[in-house]
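Novice: Heads up: the protein sequence lines correspond to chains Y and L, in order. By the count of numbering that gives the first Met the number 0, the first sequence reaches residue 206 at its end, each step adding exactly one. By the count of numbering that gives the first Met the number 0, the second sequence reaches residue 239 at its end, each step adding exactly one.
If you are wondering where the hints come from, they were derived from the structure by calculation, not from laboratory data. Note that the structure is a prediction, hence the values are computed from the model and not measured. Ideal Cβ placement from N, Cα and C applies to all residues, glycine included. Treat the hints loosely; a few may be bogus.
[Unchecked claim] Here are some chain L residues pointing at chain Y (derived, C-beta under 8 Å):
(1) V22
(2) C24
(3) L27
(4) T29
(5) G150
[To be verified] Non-contacting residues of chain L with respect to chain Y, defined by C-beta distances greater than 10 Å in every case (computed):
(6) N42
(7) G166
(8) V186
(9) I227
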Amino acid sequence: MTNETTRYKEILLKGIWHENPVAYQVLGICSALAVTVKMSTAIVMSLALTLVTAFSSMIISSMRNKIPSNIRIIAELAVIASMVIVTDEILKAFFYDISKQLSIFVGLIITNCIVLGRAEAFALANKPLDAFVDGIANGLGYSLILIAVAFIRELLGAGECLGYPVIPSVIYDAGYQNMGLMLLAPGAFFIIGLLVWLKNSISESKK
Amino acid sequence: MSDKKFDKNSKKNVIQFALMLSVICSLLITGAASGLKHFQQENIKLDKKANILKAANLIKGDNKPAKEVILKRYQNHIKEVMVNQEGQPVKNKDDNVLQLYYYHTNNVIDGYILPINTKGLWGKIQGYLAFENDGQTVSGFSVFSHSETPGLGGEIENAWFRKNFKGKKILNSQNKFVSVGIAKGKVKNLPKNLQDHYVDGISGATLTGQYLSEGIKSTLTKYEPLSISFRQKSLKTLEK
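From just these sequences and the hints, can you work out the full model?
Specialist: Below you can see the structure in the form of structure tokens.
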């Protein structure tokens, strides 16, 4: 029992920090650029990706003894894509407003390398429950970076936090201006680069 | 002994597995798509009505009231009408007929709402532009569907962008038609005589703004005869 919990703990820690999908595996960069202009979209995307990674990893892992190795990537993609499409249809039918907010992000999940990466690297070789925890862990690791990037971009680019203005107008009157660069893709590149540097130097110094 | 063992890489299993997976996945997706279609279309219809109300300022801000409230307000205040090229109301629907909505209080027309259907940066932008009954003052704008970049061009559907349309004029001081457009940057940086015809642009979404400005202009040109009849005050109450 204790063995089990330590194992899950290890998987979680690995996904969130040591082998963080964005900062260490360098996966999911495209969506990290696209959805981090505002915190609210970043949070929704994080949530959706975490759930999809967890469940698709679990399903693929439970079929791992049946999936022929020469068509495994197609099989994995079929599972992931079907799951995302069905989720999208359900959202459109019962949670229309949320689905409108998510717009293209739901479709983007299919192409997110993290989902396929975890299926390939972990789910095919491990038990379903472990794969599920691994999916959650990597989803959270992705969320961590995504929300951090979105926070910085929204704060510097629009002077807002979760849509609420946080920079007092006194500062604007004194000549402060929002940084337009932060709203564009290059701003995200710089911040992700800096965060990867930060993460790796912390990990390095701990060794 | 070993020939009895299950071999997942045998040709037979590859084909079997691929077939089974495709059948299951396609059944799942078709099932979900067709089974939920009814609910989805209901939602889309309701959302359209909500956005027509938003354009006419009968729903304020970004919030969305309950379904019953939307339907009741729509029934009480909105009337769908069709007019011909000259702006005269017609009954029969044919190719040259223009579709629009009146918003009214107790059959007195407060203004009219035009459907905007234009190309955006990534896909179609569909929305509504409402005018007061003087035929030249914009009273509101709303977006029903778009595929612009969220956080950039996608901001066109949010209240902060939409509310800037209120009070803008489509006629200049010489009473000539100039349409209303999206500025590049802030309106306060424009020359004084243009400020009435532009709304604040979105930084990082210049192209979305351009496409939307063009779309609004071409729609307004098409509906100009109707706007003229409003300016001449010939339309005041709903016909019974």
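Novice: With reference to the structure, classify each hint as holding or not holding.
Specialist: Results of checking the hints against the structure:
Using the Cβ-Cβ criterion of 8 Å, the hint placing V22 of chain L at the interface with chain Y is not satisfied: the shortest such distance is roughly 11 Å. Of the supplied interface hints, the one on C24 of chain L holds, with its beta-carbon coming within about 4 Å of a beta-carbon of chain Y, less than 8 Å. At a threshold of 8 Å, the smallest CB-CB gap from L27 of chain L to chain Y is about 6 Å, leaving the interface hint in force. Using the Cβ-Cβ criterion of 8 Å, the hint placing T29 of chain L at the interface with chain Y is not satisfied: the shortest such distance is roughly 10 Å.
Hint on G150 of chain L holds. Least Cβ distance to chain Y is approximately 3 Å, under the 8 Å limit. With a closest Cβ-Cβ approach of about 4 Å to chain Y, N42 of chain L is found to fall inside the 10 Å limit, against its non-interface label. For G166 of chain L, the condition that its CB be more than 10 Å from all CB atoms of chain Y holds, with the nearest at approximately 23 Å. For V186 of chain L, the condition that its CB be more than 10 Å from all CB atoms of chain Y holds, with the nearest at approximately 17 Å.
Against chain Y, the non-interface label of I227 of chain L holds: every CB pair exceeds 10 Å, the least being about 36 Å.
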